[in-house]
Each structure stands twice: as C-alpha cells, then as structure tokens.
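**Student:** The opening position of the first sequence corresponds to residue 13 in the numbering used here, with each subsequent residue numbered one higher.
In case anyone wonders, no lab produced these hints; they're calculated from the structure.
Small disclaimer: the values here were computed from a predicted structure and weren't measured.
Quick reminder that beta carbons are idealized off the backbone N, C-alpha and C, glycines included.
What follows is a list of derived Cβ distance ranges for each label pair:
id, residue 1, residue 2, range
1, I73, V138, 15 to 21 Å
2, K20, Y77, 17 to 23 Å
3, Q24, R120, 27 to 33 Å
4, K108, E75, 27 to 33 Å
5, P78, I119, 29 to 35 Å
6, Y40, K100, 30 to 36 Å
7, Y40, K20, 20 to 26 Å
8, K108, H19, 19 to 25 Å
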Amino acid sequence: MVKSEPHKYSWQQFLKDGQTFWDGVRNYQARNNLSTMKTDDLALFYHSNEGMEVVGIARVIREAYPDPTTDDARWVAVDLVPHHTLKKSVTLVDIKNEPMLAQIGLIRQGRLSVMPLRAEEFDKIVEMGS
DNA sequence: GCCAACGTTGGC
DNA sequence: GCCAACGTTGGC
13 MVKSEPHKYS
23 WQQFLKDGQT
33 FWDGVRNYQA
43 RNNLSTMKTD
53 DLALFYHSNE
63 GMEVVGIARV
73 IREAYPDPTT
83 DDARWVAVDL
93 VPHHTLKKSV
103 TLVDIKNEPM
113 LAQIGLIRQG
123 RLSVMPLRAE
133 EFDKIVEMGS
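Given the sequences, and given the hints that come with them, work out the whole structure.
**Tutor:** Here you go:
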C-alpha cells in the first residue's frame, strides 16, 4: 500500500498522467518497503488526510532505482501505472470496522507512507471496494 | 488547528 | 551510546 495526500498527488492526477514515479520517500522503513516491490506487483493507493480512503490499485512497472529527485544515494523510487479504480473507495472507518484488517500497518503505524500488506488483507480491501 | 505518535538530530 | 529536543505526519 502506498499513501499520498490528494492535494499533493491524487489518484485522479495519477489517472490523467497514466504513469508516475513514486519518489520523495525519506523514511528508512518506507524505503525498505519500496525496495521490496517487484515489477507487476500491485499496490493499493490510499488518500491520506483528505478523503482517508483507498481509491485504487496501482501496478509496479519499474522496481526500486535511485530517487532522481535527490543526490542522496540512500533513497529510491519506483514507477507505477494505474491498474484499477475501485468501484467504491474503502475508507479508513471501513477498514477499522473490519476485524480482519485491524492489524494492518495503516492502523498500527499511521505515519508510515509505504507498507506491506498480506495477500488476504489486500484481497479483502479490494473486495470491500467492489 | 490541535495533538499523539514516531523518527531524526545533536549534545553530552 | 543515551536521551532530550525537535520536526513531520496524519487522524480527529
């Protein structure tokens, strides 16, 4: 799952662009999670702050490479394309109300901007959004 | 706009 | 290497 503040970079903008590079991660844990993403992996796209909901699914088309927006070699970016827009967004409230999802990173560690999801958690959210 | 959670920085 | 101070994120 990746998070973005909609006023900074929204799902709608992502759809319009057709592709984006996921940069600007400046947190080691988030960076490590980014690094584990492989080509063709799917990632839920979450709007933080405004909306607070999962709005779509993105697909990785390029695995972690050095973040082009900084000279600092520690940081990486990945390239994403939109894969699927959820029929209805899954809100943070929905997720909190689903016992099976109570332990996901989104709840446990709110500040983390990139986090892993187990396959069944991913599937559950997708199911709730369709 | 406030505040809690948490990561990072810097003094010792 | 510890810990206090500070900054940032994100939910409410």
